[in-house]
Amino acid sequence: DQQVKQNSPSLSVQEGRISILNCDYTNSMFDYFLWYKKYPAEGPTFLISISSIKDKNEDGRFTVFLNKSAKHLSLHIVPSQPGDSAVYFCAAGPRQGAQKLVFGQGTRLTINP
Amino acid sequence: GAVVSQHPSWVICKSGTSVKIECRSLDFQATTMFWYRQFPKKSLMLMATSNEGSKATYEQGVEKDKFLINHASLTLSTLTVTSAHPEDSSFYICSASANRAEQYFGPGTRLTVT
Chain A
1 DQQVKQNSPS LSVQEGRISI LNCDYTNSMF DYFLWYKKYP AEGPTFLISI
51 SSIKDKNEDG RFTVFLNKSA KHLSLHIVPS QPGDSAVYFC AAGPRQGAQK
101 LVFGQGTRLT INP
Chain B
114 GAVVSQHPSW VICKSGTSVK IECRSLDFQA TTMFWYRQFP KKSLMLMATS
164 NEGSKATYEQ GVEKDKFLIN HASLTLSTLT VTSAHPEDSS FYICSASANR
214 AEQYFGPGTR LTVT
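Read top to bottom, the protein sequences are chains A and B. The opening residue of the first sequence carries number 1 in this note's numbering; numbering runs sequentially from there. The opening residue of the second sequence carries number 114 in this note's numbering; numbering runs sequentially from there.
No lab work stands behind these hints: they were computed from the structure. Do not rely on the hints blindly, as some may be mistaken.
Said to hold, decoys possible - Computed cross-link-like contacts, DSBU-like style, restricted to lysine-lysine with a CA-CA straight-line distance of at most 35 Å:
1. A/K38 to B/K127
2. A/K100 to B/K177
3. A/K56 to A/K71
Claimed, not checked - Not close to chain A: a few residues of chain B, all C-beta gaps over 12 Å, as computed:
4. Q151
5. L157
6. K168
7. S196
Unchecked claim - Short derived list, chain B residues pointing at chain A, Cβ under 7 Å:
8. V116
9. S156
10. T162
11. V175
A virtual CB, placed ideally from N, CA and C, is assigned to each residue, including glycine.
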């Protein structure tokens, strides 16, 4: 049972435009959500997170939106840059404490010059 | 800050041998470390969670006698793949956390069993 789903395996965006990556989850016990960026043959790099008490968190070019009623979150990257080309994973877990995270399948983002 | 290293970055071994992978938190004390496995074009699958000084907790379907985990200190955890077989070939990634939900990942280890 896939508790965290990223239904788009790939996304292609023009440089300078907005990239929107989507993620859905099924477990209502999840209270903390994260986005990771991963290059081939490297470990994931933490990008941005959001707690369930918020609906938006912004950090530079990256903004994460959370819609709890729809159990949906999205990552917006604007403007998109060629260096943003990577695989993006969303993950969900508890608010506090070092607990295991459940990852989505990932979305490969390609930024075209 | 929050740097996690893994060693080796890649390893090739013969079927039947054992391989040890090290995971170190370089600039913080990791109370918890996690071991993941990633198949090509797939998500990261959690294998086990280890807390310093205690036995690891394995996810369902992961053989604890095959994947031995030791979390000997607050900066080091090791994963030993015993009697490796070709189907164990994969990308193994560790992460470390200091009692916060943010996990910091190592660069991964590519294991190829011939």
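Here is what the structure says about each hint:
1. A/K38 to B/K127: Cα-Cα ~29 Å, so holds.
2. A/K100 to B/K177: At roughly 17 Å apart (the allowed maximum being 35 Å), B/K177 and A/K100 satisfy the hint.
3. A/K56 to A/K71: holds (14 Å)
4. Q151: At roughly 9 Å from the nearest Cβ of chain A, B/Q151 sits no farther out than 12 Å, so the non-interface label is violated.
5. L157: violated (5 Å)
6. K168: Per Cβ check, B/K168 is outside 12 Å of chain A; nearest 16 Å; holds.
7. S196: Non-interface label on B/S196 holds, nearest chain A Cβ at 26 Å vs cutoff 12 Å.
8. V116: violated (11 Å)
9. S156: holds (5 Å)
10. T162: holds (6 Å)
11. V175: Interface hint status for B/V175: violated (12 Å vs cutoff 7 Å).
The structure fails hints 4, 5, 8 and 11 (numbered hints given earlier, in ascending order).
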